[in-house]
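Could you put the whole structure together from the sequences, leaning on the hints where they help?
Listed below are the residues making up each chain.
Number of protein chains: 2
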Amino acid sequence: MKIALAQINTKVGDLDGNTKIIIQNINAAKKMNADIVIFPELSITGYPPRDLLDFECFIDDNLKYLQKIREHARDISVIVGYIDKNPSSEGRKYFNAAALIENTRITAKYYKRLLPFYDIFDETRYFEPGKDNVIIKIKDKKLALTICEDLWNDKDYWKRAPYHINPAEEIIKLDVEGIINISASPYVLNKEKERFAVMKNIGLPVIYVNQAGGNDDLIFDGASFAMDKNGEITALCHQFREDLAADEIRPLSNIEEESVFNALCLGLSDYCRKTGFKKVVIGLSGGIDSAVTAAIAAHALGKENVLGITMPGMYSSAGSVSDSEKLSQNLGIGFKEIPIKEIFDCYIKGDKCVDLAEENLQARIRANILMIHSNRYGSLLLTTGNKSELAVGYCTLYGDMCGGLAVLSDTPKVMVYRLANYINRNREIIPRQVITKPPSAELKPDQKDQDTLPPYELLDAILKEFIEENRSIKEISKKYPGEVVRDMVKKINASEYKRRQAALGLKVTSRAFGTGRRFPVVQGYDFEN
Amino acid sequence: MKIALAQINTKVGDLDGNTKIIIQNINAAKKMNADIVIFPELSITGYPPRDLLDFECFIDDNLKYLQKIREHARDISVIVGYIDKNPSSEGRKYFNAAALIENTRITAKYYKRLLPFYDIFDETRYFEPGKDNVIIKIKDKKLALTICEDLWNDKDYWKRAPYHINPAEEIIKLDVEGIINISASPYVLNKEKERFAVMKNIGLPVIYVNQAGGNDDLIFDGASFAMDKNGEITALCHQFREDLAADEIRPLSNIEEESVFNALCLGLSDYCRKTGFKKVVIGLSGGIDSAVTAAIAAHALGKENVLGITMPGMYSSAGSVSDSEKLSQNLGIGFKEIPIKEIFDCYIKGDKCVDLAEENLQARIRANILMIHSNRYGSLLLTTGNKSELAVGYCTLYGDMCGGLAVLSDTPKVMVYRLANYINRNREIIPRQVITKPPSAELKPDQKDQDTLPPYELLDAILKEFIEENRSIKEISKKYPGEVVRDMVKKINASEYKRRQAALGLKVTSRAFGTGRRFPVVQGYDFEN
Numbered sequence: 007m008k009i010a011l012a013q014i015n016t017k018v019g020d021l022d023g024n025t026k027i028i029i030q031n032i033n034a035a036k037k038m039n040a041d042i043v044i045f046p047e048l049s050i051t052g053y054p055p056r057d058l059l060d061f062e063c064f065i066d067d068n069l070k071y072l073q074k075i076r077e078h079a080r081d082i083s084v085i086v087g088y089i090d091k092n093p094s095s096e097g098r099k100y101f102n103a104a105a106l107i108e109n110t111r112i113t114a115k116y117y118k119r120l121l122p123f124y125d126i127f128d129e130t131r132y133f134e135p136g137k138d139n140v141i142i143k144i145k146d147k148k149l150a151l152t153i154c155e156d157l158w159n160d161k162d163y164w165k166r167a168p169y170h171i172n173p174a175e176e177i178i179k180l181d182v183e184g185i186i187n188i189s190a191s192p193y194v195l196n197k198e199k200e201r202f203a204v205m206k207n208i209g210l211p212v213i214y215v216n217q218a219g220g221n222d223d224l225i226f227d228g229a230s231f232a233m234d235k236n237g238e239i240t241a242l243c244h245q246f247r248e249d250l251a252a253d254e255i256r257p258l259s260n261i262e263e264e265s266v267f268n269a270l271c272l273g274l275s276d277y278c279r280k281t282g283f284k285k286v287v288i289g290l291s292g293g294i295d296s297a298v299t300a301a302i303a304a305h306a307l308g309k310e311n312v313l314g315i316t317m318p319g320m321y322s323s324a325g326s327v328s329d330s331e332k333l334s335q336n337l338g339i340g341f342k343e344i345p346i347k348e349i350f351d352c353y354i355k356g357d358k359c360v361d362l363a364e365e366n367l368q369a370r371i372r373a374n375i376l377m378i379h380s381n382r383y384g385s386l387l388l389t390t391g392n393k394s395e396l397a398v399g400y401c402t403l404y405g406d407m408c409g410g411l412a413v414l415s416d417t418p419k420v421m422v423y424r425l426a427n428y429i430n431r432n433r434e435i436i437p438r439q440v441i442t443k444p445p446s447a448e449l450k451p452d453q454k455d456q457d458t459l460p461p462y463e464l465l466d467a468i469l470k471e472f473i474e475e476n477r478s479i480k481e482i483s484k485k486y487p488g489e490v491v492r493d494m495v496k497k498i499n500a501s502e503y504k505r506r507q508a509a510l511g512l513k514v515t516s517r518a519f520g521t522g523r524r525f526p527v528v529q530g531y532d533f534e535n
Numbered sequence: 007m008k009i010a011l012a013q014i015n016t017k018v019g020d021l022d023g024n025t026k027i028i029i030q031n032i033n034a035a036k037k038m039n040a041d042i043v044i045f046p047e048l049s050i051t052g053y054p055p056r057d058l059l060d061f062e063c064f065i066d067d068n069l070k071y072l073q074k075i076r077e078h079a080r081d082i083s084v085i086v087g088y089i090d091k092n093p094s095s096e097g098r099k100y101f102n103a104a105a106l107i108e109n110t111r112i113t114a115k116y117y118k119r120l121l122p123f124y125d126i127f128d129e130t131r132y133f134e135p136g137k138d139n140v141i142i143k144i145k146d147k148k149l150a151l152t153i154c155e156d157l158w159n160d161k162d163y164w165k166r167a168p169y170h171i172n173p174a175e176e177i178i179k180l181d182v183e184g185i186i187n188i189s190a191s192p193y194v195l196n197k198e199k200e201r202f203a204v205m206k207n208i209g210l211p212v213i214y215v216n217q218a219g220g221n222d223d224l225i226f227d228g229a230s231f232a233m234d235k236n237g238e239i240t241a242l243c244h245q246f247r248e249d250l251a252a253d254e255i256r257p258l259s260n261i262e263e264e265s266v267f268n269a270l271c272l273g274l275s276d277y278c279r280k281t282g283f284k285k286v287v288i289g290l291s292g293g294i295d296s297a298v299t300a301a302i303a304a305h306a307l308g309k310e311n312v313l314g315i316t317m318p319g320m321y322s323s324a325g326s327v328s329d330s331e332k333l334s335q336n337l338g339i340g341f342k343e344i345p346i347k348e349i350f351d352c353y354i355k356g357d358k359c360v361d362l363a364e365e366n367l368q369a370r371i372r373a374n375i376l377m378i379h380s381n382r383y384g385s386l387l388l389t390t391g392n393k394s395e396l397a398v399g400y401c402t403l404y405g406d407m408c409g410g411l412a413v414l415s416d417t418p419k420v421m422v423y424r425l426a427n428y429i430n431r432n433r434e435i436i437p438r439q440v441i442t443k444p445p446s447a448e449l450k451p452d453q454k455d456q457d458t459l460p461p462y463e464l465l466d467a468i469l470k471e472f473i474e475e476n477r478s479i480k481e482i483s484k485k486y487p488g489e490v491v492r493d494m495v496k497k498i499n500a501s502e503y504k505r506r507q508a509a510l511g512l513k514v515t516s517r518a519f520g521t522g523r524r525f526p527v528v529q530g531y532d533f534e535n
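One line per chain: the protein sequences are A and B, in this order.
Using my numbering, read the first sequence as starting at 7 and increasing by one per residue.
Using my numbering, read the second sequence as starting at 7 and increasing by one per residue.
The reader is advised that the hints may include incorrect statements.
[Unchecked claim] Derived contacts from chain B toward chain A, CB cut-off under 8 Å, selection only:
{"id": "1", "residue": "Ser95"}
{"id": "2", "residue": "Asp138"}
{"id": "3", "residue": "Asn139"}
{"id": "4", "residue": "Ile142"}
{"id": "5", "residue": "Tyr169"}
{"id": "6", "residue": "Ser275"}
{"id": "7", "residue": "Phe341"}
{"id": "8", "residue": "Tyr353"}
{"id": "9", "residue": "Gln453"}
{"id": "10", "residue": "Arg506"}
{"id": "11", "residue": "Gly530"}
What the hints contain is simulated information worked out from the structure, not anything from laboratory work.
On a predicted model such as this, the values are computed, not experimentally measured, just so you know.
In this text, a Cβ means the ideal position worked out from N, Cα and C, and glycines have one as well.
In structure tokens:
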């Protein structure tokens with residue numbers, strides 16, 4: 007039996023476009039002589055459709071496109087993800103569904119049983135859980151059909167089982183020869199290893215089909231696979247791009263920096279492609295964040311589509327311009343210099359003082375200049391701040407936080423350095439002094455990040471404990487200096503208001519700011535309790 | 007039996023402060039000779055605590071404060087809302103709980119059974135549903151204890167029952183004399199009438215205790231009540247402020263404008279009080295939105311705490327300054343004039359053209375000026391845009407959208423006019439010409455809102471259908487001109503990226519942008535299908 011894993015890149019809501027991709031892949035799988043072609047979770051609607059699901063017309067249309075796909079499923083079996091209506095007069099209105107189509111007929115339907123509710127997931131908002139396991143027969147092989155989370159109530163993965171049922175355990179008691187799992191599993195660094203481990207734990211052959219592509223803040227990395235009952239990979243799709251494979255094993259990088267770099271490139275290029283932006287503009291400060299962002303943009307979109315603008319101010323080092331220019335030359339991107347001093351003086355007359363207002367104003371003037379360019383030439387402004395800065399509020403709202411997409415906003419500063427070194431692995435693209443100089447916002451004389459922040463190694467370690475692991479100050483202080491921990495937690499909570507207005511940012515850690523972390527802006531919990 | 011309804015105003019996460027308020031109210035209820043005092047849902051933590059619940063230390067602390075409250079419950083019974091741990095090794099970790107405390111002992115615990123999952127609610131993210139009804143005995147009266155949504159699986163309220171069980175129906179079959187319901191029910195215009203109707207439908211006496219106060223985007227309006235089995239109100243707390251009442255019936259306004267005005271004042275004053283802001287700054291354009299925002303701010307915070315800044319530009323009408331000055335005089339608020347032309351010229355030299363970039367730049371320069379003031383003097387910048395503008399993207403990101411709180415961002419333009427007339431009900435506070443002149447952004451020569459938008463009566467009607475009712479273009483076009491409907495839906499979807507970075511805004515309709523409407527930024531659904 008030949009099973010084609012159709013790891014497609016869908017656009018949320020684009021029923022027509024997604025259906026075309028599905029039909030193309032059905033035809034390509036036929037040419038491969040596949041017996042069956044399997045598509046990801048909610049392949050017709052794209053994942054996650056979020057509150058598009060509130061529109062009944064959207065659900066009706068998705069069912070029409072299912073019928074269209076059905077007509078194209080000749081001489082090959084097809085498994086496709088879609089949204090079905092719940093015929094009951096009670097409960098959620100819809101099911102997160104999979105259909106098996108054989109000879110243009112829908113011969114089986116399966117409804118997702120475990121609905122993820124944590125982090126970026128909101129499936130209990132929309133879907134009724136399915137009640138039954140579904141066993142299908144493909145070429146006399148009996149296979150259980152499942153959707154994503156259904157296989158994840160795994161005892162090793164969770165400290166505590168979040169669900170009361172475990173479809174995987176039920177399935178192994180049934181007389182089946184394998185499991186098909188259609189997924190939409192967002193990228194997190196090393197997530198593919200977790201997927202392998204969880205599926206291996208089941209002890210049955212698994213066909214796992216994930217989507218590939220960026221949708222808003224989420225990057226779906228693909229890396230779909232077939233695994234035998236011993237956990238050996240027998241087929242593996244590319245990571246970070248669409249693919250159609252049956253027996254092939256594509257190379258998978260083991261270098262963390264490469265993985266994050268590729269993820270961010272996919273997130274950025276899909277954001278641009280799916281919104282129609284061809285060109286991007288980036289403010290180049292001479293610092294490492296904007297340099298890495300520019301390198302990612304040049305790689306993802308083509309150097310001819312990237313413009314760097316350096317905007318020296320009163321406290322900018324000489325390097326801020328020369329390093330930015332050198333970087334632009336190395337990358338082959340466009341470059342412009344626009345000083346801000348004259349504009350600054352127009353705002354602040356006479357009553358000058360080096361205070362927060364003037365620091366922020368410099369960042370905001372730069373944002374205005376960048377937005378003039380964005381508005382006038384139809385370029386997307388990329389914001390360049392990293393996760394560590396955003397966490398502690400070391401950034402200016404309406405200033406350097408401006409932009410349509412925040413490429414690095416879930417990438418901790420230490421990983422930004424690792425990315426810079428990865429980018430420079432063959433030759434110096436990011437000028438060495440950009441990497442070696444002490445980080446600075448250059449908004450007042452002799453300012454350095456580490457005047458007010460701990461070393462980034464320490465900061466990032468604390469952030470991981472607090473933001474990804476939800477540990478208390480007391481717990482974190484067992485590992486790191488208590489005073490620093492307290493100070494950083496205070497800063498994190500005090501800057502929630504900034505993050506509420508932050509740009510969409512690409513998620514690469516287990517907990518990103520944004521849709522996956524829903525924190526009150528106004529709250530009075532004393533974490534030091 | 008005397009039952010005190012303790013309609014308190016809690017701050018999310020402020021366990022210590024909330025506990026103090028609870029103890030104060032226990033003591034006050036004793037002085038009233040109440041037999042029992044009842045607090046709102048999650049009164050110890052405040053509602054909604056959102057992802058604070060991911061911190062186990064927060065849950066542990068909330069249980070410690072429950073013990074503290076317990077010690078103060080002498081000579082009076084107390085019902086209080088808190089978060090309890092789920093002792094099971096499966097399922098969600100916590101329960102949304104209510105405790106009955108009698109003589110310093112917890113004699114009953116109830117766990118919320120129906121967990122709302124729609125709009126701004128995320129309770130399935132955190133809580134395990136309770137399984138059992140709990141009947142308590144107070145002075146020999148048998149009463150069912152319930153929490154908020156438990157009584158809302160009402161056939162008249164929902165087109166379709168969202169839940170499979172109906173605690174209200176179960177309770178009426180039990181031998182009870184009434185129902186206690188502790189709630190955290192956010193304000194929506196006319197919501198209090200819906201509450202009365204749903205509770206009356208049950209046909210049993212109901213004691214309904216809601217919280218009062220603003221938390222982030224949500225305004226909890228209080229209006230707690232006791233109702234007899236015929237649906238007659240026998241006690242009613244104030245709307246829009248904290249209260250402690252037993253038999254009193256406070257006046258309830260029937261004027262919609264008054265209701266919205268009071269709601270917005272509460273939302274604004276609580277945002278400031280709970281974050282520590284004393285003063286606010288507002289950009290006054292001479293238009294109706296900024297005028298109404300200033301009037302609300304003056305009423306909510308005191309005229310001495312409000313500063314209006316008018317910032318005339320190249321296309322500003324004479325009235326923009328003089329009307330703003332007049333308004334400030336009428337309100338008695340501070341007033342400043344800072345022209346923007348010179349700064350604008352500094353940005354744009356030579357290559358001037360009246361394009362989107364220059365329109366936006368004017369709004370962004372104004373934002374910078376306002377933020378200088380905000381940063382320098384510690385004032386909160388209020389953003390003044392209304393819901394209609396925000397819906398169709400008739401606003402400048404990083405320009406007039408700047409601010410910590412958007413007072414009117416869920417108030418449709420037609421309601422803004424109604425508020426203006428309400429504010430002027432006794433004397434002219436908002437100058438008449440502000441209300442009568444055609445609305446304009448004044449960012450290019452002779453610009454008027456209605457050059458690109460339909461009349462606001464029509465726009466607001468379409469917005470209600472699309473945003474609050476989730477109707478399709480086809481359906482809405484049965485009532486309103488199809489071409490306008492299509493054009494507006496396109497504009498709404500195209501401006502999702504702006505709203506992703508919008509300020510927190512006060513919710514007054516059944517569906518506000520923000521936490522209650524989770525729309526993909528990048529999506530390709532063709533609503534015209």
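We went through each hint and held it up to the structure:
no.	hint	in the structure
1	Ser95	holds (6 Å)
2	Asp138	violated (17 Å)
3	Asn139	violated (19 Å)
4	Ile142	violated (28 Å)
5	Tyr169	holds (7 Å)
6	Ser275	violated (12 Å)
7	Phe341	violated (19 Å)
8	Tyr353	holds (6 Å)
9	Gln453	violated (16 Å)
10	Arg506	holds (6 Å)
11	Gly530	holds (3 Å)
Figure legend: structure checked against the earlier numbered hints; hints not met, in rising order: 2, 3, 4, 6, 7 and 9.
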